[in-house]
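Counting with UniProt numbering, you get residues 1 to 143 for the letters of the sequence shown.
There could be a bad hint or two in this list.
[Said to hold, decoys possible] The following label-pair restraints were derived from C-beta to C-beta distances: (1) 24 to 103: 20 to 28 Å; (2) 134 to 67: 30 to 38 Å; (3) 134 to 86: 18 to 26 Å; (4) 104 to 54: 27 to 35 Å; (5) 47 to 74: 18 to 26 Å; (6) 84 to 30: 13 to 21 Å; (7) 92 to 72: 24 to 32 Å; (8) 29 to 133: 31 to 39 Å; (9) 11 to 73: 42 to 50 Å; (10) 73 to 116: 25 to 33 Å; (11) 74 to 113: 25 to 33 Å; (12) 115 to 45: 24 to 32 Å; (13) 27 to 74: 18 to 26 Å; (14) 82 to 38: 17 to 25 Å.
[What the hints assert, rightly or not] As a list, the in silico EDC-like pairs of lysine to aspartate or glutamate whose alpha-carbon atoms are at most 20 Å apart: (15) 26 to 53; (16) 26 to 94; (17) 26 to 43; (18) 26 to 83; (19) 26 to 65.
The set of hints was computed from the structure by calculation and includes no laboratory data.
From the three backbone atoms N, C-alpha and C, an ideal C-beta is built for every residue, glycine too.
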Amino acid sequence: MTTPPSRIPDELANLCVADVVLRLPKMMPIHARVRDARAALRDHHVHMLLLTDQGRLRGTLTRGDIPDHADDMALSLTYAVVEGRTVSSDLPAEQARLLMLSRDLRRLVVVDADGSLLGLLCLNRRHTGFCSDEDVNARGTAP
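Let's have the full structure, built from the sequences with the hints guiding it.
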């Protein structure tokens, strides 16, 4: 990761996480199998899968969470992590960016107090701001 600049990027001033969250992250049901998670994570744009049940976050998966020896038919939830991967929607966006840099993370799940999923915070490649739904949609339609 890069060292954060000493001043807040203009596009983040006065914004909170709720203002910069991706509203349509890659989600899977809690009964998804390891093979399904591995298939989804083959897409180099997908860095984190969100395992959900009735709109609530139950776990997250990254490529490193699933051991090579994991059975393809095992439940993905077995390997899911939540701790350290969530953030509140009312946190200032710049504070979230600095937190992500300090933890060497590019993704954090945005949840409310009861665990309801609100979206995904996605640090951009330059580490100066966040990906938008428009950015993600444009990648999906690029040739």
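Evaluation of the provided hints:
1. 24 to 103: 20 to 28 Å: holds (24 Å)
2. 134 to 67: 30 to 38 Å: Since residue 134 and residue 67 have Cβ atoms about 36 Å apart, the given range 30 to 38 Å holds.
3. 134 to 86: 18 to 26 Å: Roughly 24 Å apart at Cβ, these two residues keep to the hinted range, so it holds.
4. 104 to 54: 27 to 35 Å: holds (32 Å)
5. 47 to 74: 18 to 26 Å: Between residue 47 and residue 74, where Cβ atoms are some 21 Å apart, the hint holds.
6. 84 to 30: 13 to 21 Å: For residue 30 against residue 84, whose Cβ atoms are near 20 Å apart, the range 13 to 21 Å holds.
7. 92 to 72: 24 to 32 Å: For residue 72 against residue 92, whose Cβ atoms are near 42 Å apart, the range 24 to 32 Å is violated.
8. 29 to 133: 31 to 39 Å: About 22 Å separates the Cβ atoms of residue 29 and residue 133, which means 31 to 39 Å is violated.
9. 11 to 73: 42 to 50 Å: holds (45 Å)
10. 73 to 116: 25 to 33 Å: Cβ of residue 73 to Cβ of residue 116: about 30 Å, so the range 25 to 33 Å holds.
11. 74 to 113: 25 to 33 Å: Check passed, 31 Å falls within 25 to 33 Å.
12. 115 to 45: 24 to 32 Å: Hint holds: Cβ distance 26 Å, inside 24 to 32 Å.
13. 27 to 74: 18 to 26 Å: holds (19 Å)
14. 82 to 38: 17 to 25 Å: holds (20 Å)
15. 26 to 53: Answer holds: residue 26 to residue 53 is near 14 Å, not above 20 Å.
16. 26 to 94: Violated: residue 26 and residue 94 sit about 24 Å apart, past 20 Å.
17. 26 to 43: holds (11 Å)
18. 26 to 83: holds (19 Å)
19. 26 to 65: holds (16 Å)
Of the numbered hints listed earlier, those contradicted by the structure are 7, 8, 16.
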